[in-house]
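Chemist: Here is how the chains run, residue by residue.
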Amino acid sequence: MKNVIEKGVTGGATVLDEAWQYSYASAEYAGLVLYSYVRRGGSIVIEPLDKIASPVFSNLGTVFGRTFGGVREGVKKVFAGVRIVKRLGDIDKRLSHIEEMLVTKEALYKLEERLAYLERHGIVASKEGGLQLKGKKLSEDKLMLLRAIVKENIILMEE
Amino acid sequence: MREKINIGIDLGTSRSAIAADNGVRIFLASVVGYPKDAVSLKLFGREIVFGEEALRHRVSLNIFRPFEGGMLKISQNMDEKSKEYVKAMETAKLLLNRLIELALDEETGKREDFIIRGVIGAPALASRMNKKALLEIAKDLLDDVMIVSEPFAVAYGLKLLTNALIVDIGAGTVDLCRMHGTMPEEEDQLTTTKAGDHIDKVFYELLTKKYKEATLTVNMVRKIKEENSTVSKHGESIFIEIPVKGKPKKHDVTEELKAACSTIVPDIVNGIQQLVASFDPEFQNDLKENVILAGGGSQIIGLKKEIEDYMQANLGYGKVQKVAEPLYAGANGALLLCKDMPEEYWHQIKGREKKS
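For the record, the sequence lines run as chains A and B. Sequential numbering of the first sequence, starting at 1, is according to the working numbering. Sequential numbering of the second sequence, starting at 1, is according to the working numbering.
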């Protein structure tokens with residue numbers, strides 16, 4: 001009885017573990033796909049624009065940055081003690097954290113690599129939309145053969 | 001999250017092959033060499049030399065071959081602490097480790113960044129002790145491992161799981177296996193020891209008998225065989241250069257090579273007949289239709305026709321095919337098995353491993 005329960009519990013845990021891993025992978029994959037689209041889309045728009053605009057706007061950007069900085073500091077002074085200032089501070093912190101995480105080339109490379117890995121081994125975006133598990137569904141005959149191999153190996157290990 | 005890499009391994013007497021799902025496929029002569037002295041150690045700059053490199057420099061190395069007759073060089077009555085047993089296990093482990101290293105060469109991460117799963121092909125009728133020893137070796141090098149019969153791995157890779165007869169001609173053994181949709185059992189498999197090494201031995205004896213002045217080694221003979229092996233009656237003459245008193249001279253080896261290669265045919269065709277005759281009569285014709293030659297020996301010119309002719313004469317009909325990649329057929333099949341194996345089955349193995 002104890003064995004039966006143990007087996008049941010182990011089986012259940014394995015299934016849950018599997019399900020969780022797939023869900024985790026799906027969520028991770030979805031995030032990465034979205035990121036990839038944004039990044040690639042962004043690159044397409046930004047890169048040519050950057051080439052045209054950077055000579056003109058590089059100086060302007062600095063001025064604008066200073067102006068924006070000044071305005072923000074001004075807002076902080078005017079609304080000192082008000083919740084919005086704290087909120088702006090939090091956003092600032094969060095943005096700088098995200099920038100630290102993402103803007104380094106290494107981090108971008110790692111994300112791209114992870115996406116490629118998931119596509120190679122895990123899940124892919126289906127033509128119909130949404131995500132689907134990569135890999136084939138095995139026939140019952142094949143599963144039976146594989147089960148027999150496992151059984152044989154277990155016997156061998158226990159001998 | 002550690003990345004998973006699946007690998008299929010064919011540990012052979014003469015060559016070992018590995019196929020991984022990261023795209024790497026490579027083979028290595030099943031040889032491990034240790035530098036003989038300090039001079040040779042300095043020459044190589046390392047303590048162990050593998051494969052072809054070891055064979056090329058065999059004069060300055062102590063050479064070990066961990067497999068013989070398709071199996072690990074250990075026997076039932078061998079003491080596990082004996083020198084031979086320990087050496088066989090150690091060299092096999094080194095060789096397997098080298099193969100895994102080669103498979104991971106393309107990867108940027110460290111070995112511990114990956115979960116490496118492997119399926120190893122063992123000769124059809126390898127002893128349980130031998131299979132267990134292989135598992136022991138592999139357990140330390142792979143995260144998860146299983147062992148399957150080599151011809152079964154070939155059949156699985158070719159998706160010929162029913163009504164097919166696999167003939168895997170290696171250096172140490174010829175494995176014959178009848179596939180009928182279930183796991184092959186003992187009566188479905190046959191192993192003969194007249195294989196590639198046997199051809200080398202006979203060829204060497206015939207040549208040294210005919211050309212008494214010529215100086216030859218089994219290694220030279222093996223190379224000649226690998227490049228020219230034939231049992232065909234209609235091929236061209238084969239001339240090779242063999243040194244006589246230090247001077248290379250051309251010698252005609254056509255008849256000797258044909259004779260040597262032909263020595264493995266009777267056992268193969270008898271094995272085919274035995275497996276066909278003992279099969280369900282309703283399906284015997286299907287089996288005759290699907291005789292598959294794999295392994296390095298399948299490349300012997302004229303062997304396919306020779307077997308077909310024999311089957312025609314003795315079984316009424318026979319169709320033989322050669323696999324496209326004889327060297328990798330076993331490793332490819334083992335890899336496919338490894339990839340197909342459901343996650344929960346690996347968990348089951350892992351669970352048992354811990355208990356035992």
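It should be emphasised that the hints constitute simulated quantities derived from the structure, not laboratory data. It is possible that part of the hints are untrue.
[To be verified] Taking lysine-lysine and the DSS-like style, the derived pairs with C-alpha atoms no more than 30 Å apart in a straight line are:
| id | chain 1 | residue 1 | chain 2 | residue 2 |
| --- | --- | --- | --- | --- |
| 1 | B | Lys159 | A | Lys137 |
| 2 | B | Lys322 | B | Lys233 |
| 3 | A | Lys110 | A | Lys86 |
| 4 | B | Lys339 | B | Lys210 |
| 5 | B | Lys319 | A | Lys142 |
| 6 | B | Lys201 | B | Lys139 |
| 7 | B | Lys73 | B | Lys305 |
| 8 | A | Lys151 | B | Lys139 |
| 9 | A | Lys142 | B | Lys339 |
| 10 | B | Lys305 | A | Lys151 |
| 11 | A | Lys142 | B | Lys322 |
| 12 | A | Lys137 | B | Lys139 |
Chemist: Now look at each hint and say whether the structure bears it out.
Modeler: Hint-by-hint comparison with the structure:
In summary, the hint linking B/Lys159 to A/Lys137 is supported, as the alpha carbons are separated by about 15 Å, within the 30 Å threshold. About 19 Å separates the Cα atoms of B/Lys322 and B/Lys233, which keeps this hinted pair within 30 Å; it holds. With a C-alpha separation of about 33 Å, the suggested pairing of A/Lys110 with A/Lys86 is violated against the 30 Å cut-off. Only pairs whose Cα atoms come within 30 Å are accepted, and B/Lys339 paired with B/Lys210 is rejected, the gap being roughly 51 Å.
This hinted pair checks out: B/Lys319 and A/Lys142 have alpha carbons roughly 26 Å apart, not beyond 30 Å. Distance check on the hinted pair: B/Lys201 and B/Lys139 sit about 35 Å apart at the alpha-carbon level, beyond 30 Å; violated. At most 30 Å may separate the alpha-carbon atoms for a hinted pair to count; B/Lys73 and B/Lys305 exceed this at roughly 34 Å. Of the pairs offered as hints, the one joining A/Lys151 and B/Lys139 holds, with about 17 Å between alpha carbons and a cut-off of 30 Å not exceeded.
This hinted pair checks out: A/Lys142 and B/Lys339 have alpha carbons roughly 13 Å apart, not beyond 30 Å. With a C-alpha separation of about 39 Å, the suggested pair B/Lys305 and A/Lys151 falls outside the 30 Å cut-off, and the hint is violated. Restraint check for A/Lys142 and B/Lys322: the C-alpha separation of about 24 Å stays at or below 30 Å, so the hint holds. For a cut-off of 30 Å, the pair hint linking A/Lys137 to B/Lys139 stands: about 28 Å separates their Cα positions.
In summary, the numbered hints that this structure violates are 3, 4, 6, 7 and 10.
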